[in-house]
Amino acid sequence: MNNLYSFNVLKKENDYAEIEVLFADKSHEIFKAHFPDNSLLPGFLQIDIISEILSIDVIEVKKAKFLQAVLPEDKVTYLVKIKDKTFNVKIEKENKKCSEFSIVQK
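This note's numbering puts the first residue of the sequence shown at 1, with every later residue one more than the last.
Calculated from the structure, these hints are not laboratory results. Mixed in with the good hints there might be a few duds.
[Stated by the list, open to error] Below, computed lysine-lysine pairings styled on DSSO-like, alpha-carbon distance capped at 30 Å: (1) LYS75 with LYS93; (2) LYS81 with LYS62; (3) LYS96 with LYS81; (4) LYS106 with LYS81; (5) LYS96 with LYS85; (6) LYS65 with LYS90; (7) LYS63 with LYS32; (8) LYS96 with LYS26; (9) LYS63 with LYS93; (10) LYS93 with LYS65; (11) LYS96 with LYS75; (12) LYS63 with LYS96; (13) LYS32 with LYS97; (14) LYS11 with LYS75; (15) LYS81 with LYS11; (16) LYS93 with LYS62; (17) LYS90 with LYS12; (18) LYS83 with LYS32; (19) LYS11 with LYS62; (20) LYS75 with LYS65; (21) LYS96 with LYS32; (22) LYS81 with LYS65; (23) LYS106 with LYS12; (24) LYS26 with LYS75; (25) LYS65 with LYS12; (26) LYS106 with LYS83; (27) LYS26 with LYS93; (28) LYS65 with LYS83; (29) LYS97 with LYS26; (30) LYS12 with LYS75; (31) LYS32 with LYS75; (32) LYS85 with LYS62; (33) LYS106 with LYS62; (34) LYS90 with LYS32; (35) LYS12 with LYS32; (36) LYS85 with LYS26; (37) LYS26 with LYS83; (38) LYS65 with LYS96; (39) LYS85 with LYS75; (40) LYS62 with LYS75.
Make a model of the complete structure from these sequences and hints.
If you want it as structure tokens, here you go:
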């Protein structure tokens, strides 16, 4: 995932985080592969990215919904609520929900 995204932590508390993520342009290898004529970020990478940013090992994904495509050069905000080892994540783009999922930390 080299150079696929950059991020900025907007807010971080014990049980909550807001993280802004800016994606690379369509020339990035991920976007070239998925899909060549209609580039978008695969759902599994939306999950991998937040686990990488938060440095957590995920053992389970619950209730994943991918509602709106995340495209090259998009700026999105990951809104993360943490309870015990469960991370409830909502991804928004221009104040509209793109994705929503829960992940469980190892």
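Results for each hint:
1. LYS75 with LYS93: holds (7 Å)
2. LYS81 with LYS62: Between LYS81 and LYS62 the Cα gap is close to 14 Å, so the pair holds against 30 Å.
3. LYS96 with LYS81: holds (18 Å)
4. LYS106 with LYS81: holds (17 Å)
5. LYS96 with LYS85: holds (26 Å)
6. LYS65 with LYS90: holds (10 Å)
7. LYS63 with LYS32: holds (28 Å)
8. LYS96 with LYS26: holds (22 Å)
9. LYS63 with LYS93: At roughly 20 Å apart (the allowed maximum being 30 Å), LYS93 and LYS63 satisfy the hint.
10. LYS93 with LYS65: Answer holds: LYS93 to LYS65 is near 15 Å, not above 30 Å.
11. LYS96 with LYS75: Status holds; Cα separation ~12 Å.
12. LYS63 with LYS96: holds (18 Å)
13. LYS32 with LYS97: This hinted pair holds, its Cα atoms lying about 24 Å apart.
14. LYS11 with LYS75: Holds, at roughly 16 Å.
15. LYS81 with LYS11: Answer holds: LYS81 to LYS11 is near 12 Å, not above 30 Å.
16. LYS93 with LYS62: holds (22 Å)
17. LYS90 with LYS12: holds (15 Å)
18. LYS83 with LYS32: Answer violated: LYS83 to LYS32 is near 36 Å, above 30 Å.
19. LYS11 with LYS62: holds (24 Å)
20. LYS75 with LYS65: holds (19 Å)
21. LYS96 with LYS32: holds (25 Å)
22. LYS81 with LYS65: holds (16 Å)
23. LYS106 with LYS12: With a Cα-Cα distance of about 21 Å, the restraint between LYS106 and LYS12 holds, given a limit of 30 Å.
24. LYS26 with LYS75: It holds: about 14 Å lies between the C-alpha atoms, which stays within 30 Å.
25. LYS65 with LYS12: holds (24 Å)
26. LYS106 with LYS83: Holds. LYS106 to LYS83 sits at ~13 Å (cutoff 30 Å).
27. LYS26 with LYS93: holds (18 Å)
28. LYS65 with LYS83: Within the cut-off at roughly 20 Å; holds.
29. LYS97 with LYS26: At roughly 22 Å apart (the allowed maximum being 30 Å), LYS26 and LYS97 satisfy the hint.
30. LYS12 with LYS75: holds (19 Å)
31. LYS32 with LYS75: Since the Cα atoms of LYS32 and LYS75 sit roughly 19 Å apart, the hinted pair holds (cutoff 30 Å).
32. LYS85 with LYS62: holds (13 Å)
33. LYS106 with LYS62: OK: LYS106 and LYS62 at ~14 Å, within 30 Å.
34. LYS90 with LYS32: Given pair LYS90, LYS32 holds - Cα atoms ~25 Å apart, limit 30 Å.
35. LYS12 with LYS32: violated (33 Å)
36. LYS85 with LYS26: violated (34 Å)
37. LYS26 with LYS83: Given that 30 Å is the threshold and the Cα spacing comes to 36 Å, the pair is violated.
38. LYS65 with LYS96: Holds, at roughly 14 Å.
39. LYS85 with LYS75: Distance ~27 Å between LYS85 and LYS75 Cα, so the pair holds.
40. LYS62 with LYS75: holds (24 Å)
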